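Asker: Chain by chain, the residues run as shown.
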Amino acid sequence: MPVKEGIRQRTGAALWRRPWLRGALTLSPPLLWFLVIYLSSLVVMLITAFFSVDSLTGNVIYQWTWSNFSQIFTQSVYGSIILRTVLMAVLVTITDALIALPFAFYLAKVAGRRWRHLLLSLLLMPLWASYLAKVYAWINILSNKGVLPDLESHLHLPITHIAFTNIAMWIVFSYLWLPFMIVPIYGAFERVPNSLLEASSDLGAGSWQTFRWVILPMVLPGIVAGSIFTFSLTLGDFITPLLIGGSSSTFIGNAIYDSAINGGNLPFAAALAFVSIAIMAIYLLLAKLAGAFEAL
Amino acid sequence: MKSSRIRQLASVSAAALVLGLMTAPAAFAASTAAPPTQGIKPLQSVGKGEGHLSLIAWEGYAQPQWVKPFTAATGCKVSVKYAGSSSEMVSLMANGGGQYDLVSASGDADLRLIYGGDVKPINIKLIPSWSEFHPFLQSPPFNTINGVHYGISYEFGPNVLLYSTKTFPKAPTSWSVLYNPKYKGKITVPDNPIQIADAALYLSKIEPSLHITNPYELTQHQFSDAVALLKVEHPFIKKYWDLASQEISLFQNGEAVVGAAWPYQTNTLIAAGAKVADTIPKQGATGWADTWLLAKDAPDPNCAYKWMAYVSTPKIQAEEAVYFGETPANTLACSIMNTLQKGACADYHANAPEAYFSTIKFWQTPLAACGNGKNDCVDFTQWQQAWTQIIG
Numbered sequence: 010m011p012v013k014e015g016i017r018q019r020t021g022a023a024l025w026r027r028p029w030l031r032g033a034l035t036l037s038p039p040l041l042w043f044l045v046i047y048l049s050s051l052v053v054m055l056i057t058a059f060f061s062v063d064s065l066t067g068n069v070i071y072q073w074t075w076s077n078f079s080q081i082f083t084q085s086v087y088g089s090i091i092l093r094t095v096l097m098a099v100l101v102t103i104t105d106a107l108i109a110l111p112f113a114f115y116l117a118k119v120a121g122r123r124w125r126h127l128l129l130s131l132l133l134m135p136l137w138a139s140y141l142a143k144v145y146a147w148i149n150i151l152s153n154k155g156v157l158p159d160l161e162s163h164l165h166l167p168i169t170h171i172a173f174t175n176i177a178m179w180i181v182f183s184y185l186w187l188p189f190m191i192v193p194i195y196g197a198f199e200r201v202p203n204s205l206l207e208a209s210s211d212l213g214a215g216s217w218q219t220f221r222w223v224i225l226p227m228v229l230p231g232i233v234a235g236s237i238f239t240f241s242l243t244l245g246d247f248i249t250p251l252l253i254g255g256s257s258s259t260f261i262g263n264a265i266y267d268s269a270i271n272g273g274n275l276p277f278a279a280a281l282a283f284v285s286i287a288i289m290a291i292y293l294l295l296a297k298l299a300g301a302f303e304a305l
Numbered sequence: 065m066k067s068s069r070i071r072q073l074a075s076v077s078a079a080a081l082v083l084g085l086m087t088a089p090a091a092f093a094a095s096t097a098a099p100p101t102q103g104i105k106p107l108q109s110v111g112k113g114e115g116h117l118s119l120i121a122w123e124g125y126a127q128p129q130w131v132k133p134f135t136a137a138t139g140c141k142v143s144v145k146y147a148g149s150s151s152e153m154v155s156l157m158a159n160g161g162g163q164y165d166l167v168s169a170s171g172d173a174d175l176r177l178i179y180g181g182d183v184k185p186i187n188i189k190l191i192p193s194w195s196e197f198h199p200f201l202q203s204p205p206f207n208t209i210n211g212v213h214y215g216i217s218y219e220f221g222p223n224v225l226l227y228s229t230k231t232f233p234k235a236p237t238s239w240s241v242l243y244n245p246k247y248k249g250k251i252t253v254p255d256n257p258i259q260i261a262d263a264a265l266y267l268s269k270i271e272p273s274l275h276i277t278n279p280y281e282l283t284q285h286q287f288s289d290a291v292a293l294l295k296v297e298h299p300f301i302k303k304y305w306d307l308a309s310q311e312i313s314l315f316q317n318g319e320a321v322v323g324a325a326w327p328y329q330t331n332t333l334i335a336a337g338a339k340v341a342d343t344i345p346k347q348g349a350t351g352w353a354d355t356w357l358l359a360k361d362a363p364d365p366n367c368a369y370k371w372m373a374y375v376s377t378p379k380i381q382a383e384e385a386v387y388f389g390e391t392p393a394n395t396l397a398c399s400i401m402n403t404l405q406k407g408a409c410a411d412y413h414a415n416a417p418e419a420y421f422s423t424i425k426f427w428q429t430p431l432a433a434c435g436n437g438k439n440d441c442v443d444f445t446q447w448q449q450a451w452t453q454i455i456g
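Respectively, the protein sequence lines represent chains Z and F. For reference, each letter of the first sequence is one residue, going 10 to 305 in the numbering used here. For reference, each letter of the second sequence is one residue, going 65 to 456 in the numbering used here.
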């Protein structure tokens, strides 16, 4: 007597016979989420960038216009805001890479097991603290009555006035995003076999030559991966400029905040947001050319 | 013209519907002729409370010491959303429609809310304390249009010149100190487009040839001069402050010695032992005057009226004034202020003659249609953009 198939068995069998259906059913919820929530909101933002607002009531006027973009590209102030933001992102990225390289090398190749674990947890610890608390801590270090000027006066050094300048922003950004640079470089160093370093020195290469021709090509994808974090995090930030920046510290993020929240001009904010998306797209393209994604 | 606009709107709305994310709000053509909600009949009598009330307020305007007794007396449970700027209030009201009952907006946002159709007329007879208000705050142009009230005035105050008494043993008498290279790197002013009005007020006195009569109604020529003055000031600025607490710590650390401030900063700094004082220079001052405005789709109108009546009473007005460092609209609050803090009534000018109040130019929304019947004034969007130019 044949076993009567239940609905479960039949569905199971049908799915087993049709792998494409299985794939579609598994993939469609995340895909749907990606398309509907993520991509379409970006599309809506792009569309909004071509509208304008009624200056009195703040209501959006649904008429196609290039005015937002032409304003961004013709008014010199937006040029200098964009330039300032990108320069800071580049500077922070270079600073973090220079600090992270020797640190990650020590962590991966020199430090013993115990010491490495301790350093790694110390490195990641600041990530548990609130971003705001860290920025305010830096205000307390750098401001006139802060720790740094206090230390300088004890050591009879000239007193620096760093708080509320672009230098302060550079220091704080470099501090905030450093772990995001060290971790991928550390991972890249771990993948460099020690035997290669030994072979290099056996063959007569000096330490600089070993670094330049053996280590650097192998950790470059790690550096680029870390730089994507430091670059994009700096590019999109607006709180650090607000809190510790000076009188000429407006970032793209601040300009977006001002037009969206203070000006109630969402279309213009959307247009500005697309500038940072475009900059990031260019950066990712360059990173791809540098081979950053091959190691992922 | 109109039909092409509607067609465009329709096609855009269709695109939005496809995306399933955007609802299509009706396109609203700007018209300064009449606020869109002016025909809505206000409540005729206050009924039983709905049990809850939802506010958008300045921080410090819905403290537990006032909310708790209110809830006990009326049964209206109060939830509050704090906003950091007038414009944030406008966007909260525009985008959170139907969610909020009242908003404590300042004069620079009121007309945007009224002409944007986000608030509706109120029945002033349902708020008994209104008759005790300073006459200039009963039907001020920023919340009353063509005799229709859209809200009830609350508290007000001047924007003062805050200075370190170490640097200035004698109070500065002119706003010119903010434009003086001598204090380069020691000046702080608010990060707010309405700051252009402060420059315009100063210019109106030192450059009479510009004929500035109202610092919020500026022709392109007058506006450009005010913006140029602020660009001159830019290199002298240590920081444009966004939060009152930022200015307080700038003065505490000696990072700034002079700046534009609210009396709140002065009070807090003096209480913390800082050597500062404030003054209203001879050119006069700009100021803010807040209004509780009733949302168009307020879900709890009865509780909203109960709240407006409650916060208009002399007792609450006096307590709020002393707490925040501002002046109550209710003239009977004066004596209660003095029992809360000695001399508070005079300190905050609550008993000043009406002539004093006319020296304060209260914040109002800059509109293209200025008082002269012409349409040649610079509007708020341009103020906002010019401000980005100044600080960028």
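Hints were generated in silico from the structure; no laboratory data involved. Note that the structure is predicted; figures quoted are calculated from it, not measured. Using N, Cα and C, we set each Cβ at its ideal position, and we do this for glycine too. Check before you lean on any hint, since a few could be wrong.
Distance windows between CB atoms, simulated [said to hold, decoys possible]:
#	chain 1	residue 1	chain 2	residue 2	range
1	F	P245	Z	I168	16 to 24 Å
2	F	A308	Z	I286	33 to 41 Å
3	F	I334	Z	Y145	21 to 29 Å
4	Z	L164	F	A308	55 to 63 Å
5	F	Q453	Z	I176	19 to 27 Å
6	Z	L34	F	K112	48 to 56 Å
7	F	I104	Z	L293	50 to 58 Å
8	F	I334	Z	Y140	40 to 48 Å
9	F	A308	Z	L128	37 to 45 Å
Derived pair list, reagent style EDC-like, types lysine to aspartate or glutamate, alpha-carbon separation capped at 20 Å [claimed, not checked]:
#	chain 1	residue 1	chain 2	residue 2
10	Z	K143	F	D411
11	F	K112	F	D411
12	F	K438	Z	D63
13	F	K234	F	D411
Asker: For every hint, state whether the structure bears it out.
Answerer: Hints, one by one, checked against the model:
1. Against the hinted window of 16 to 24 Å, the Cβ-Cβ separation of F/P245 and Z/I168 comes to about 22 Å, which satisfies the hint.
2. Taking 33 to 41 Å as the suggested C-beta distance range, the pair F/A308 and Z/I286 conforms, at roughly 34 Å.
3. Judged by the Cβ atoms, the range 21 to 29 Å given for F/I334 and Z/Y145 holds: they are separated by roughly 23 Å.
4. The beta-carbon spacing between Z/L164 and F/A308, approximately 35 Å, falls outside the hinted interval of 55 to 63 Å.
5. Separation of F/Q453 from Z/I176 is about 24 Å and conforms to the stated range, judged on CB atoms against 19 to 27 Å.
6. At roughly 54 Å, the beta carbons of Z/L34 and F/K112 sit within the given window of 48 to 56 Å.
7. Between F/I104 and Z/L293 the CB atoms are about 52 Å apart, so this pair conforms to the stated range of 50 to 58 Å.
8. Distance hint check for F/I334 and Z/Y140: the Cβ-Cβ separation is about 32 Å, which falls outside the suggested range of 40 to 48 Å.
9. Checked against the given bound of 37 to 45 Å, the beta carbons of F/A308 and Z/L128, roughly 41 Å apart, stay inside it.
10. For the hint pairing Z/K143 with F/D411, the CA-to-CA distance comes to about 39 Å; that exceeds 20 Å, so the pair is violated.
11. With a C-alpha separation of about 39 Å, the suggested pair F/K112 and F/D411 falls outside the 20 Å cut-off, and the hint is violated.
12. Using a Cα cut-off of 20 Å, the hinted pair F/K438 and Z/D63 holds, with the two alpha carbons roughly 19 Å apart.
13. Restraint check for F/K234 and F/D411: the C-alpha separation of about 19 Å stays at or below 20 Å, so the hint holds.
In this structure, the earlier hints numbered 4, 8, 10 and 11 are contradicted, and the remaining ones agree with it.
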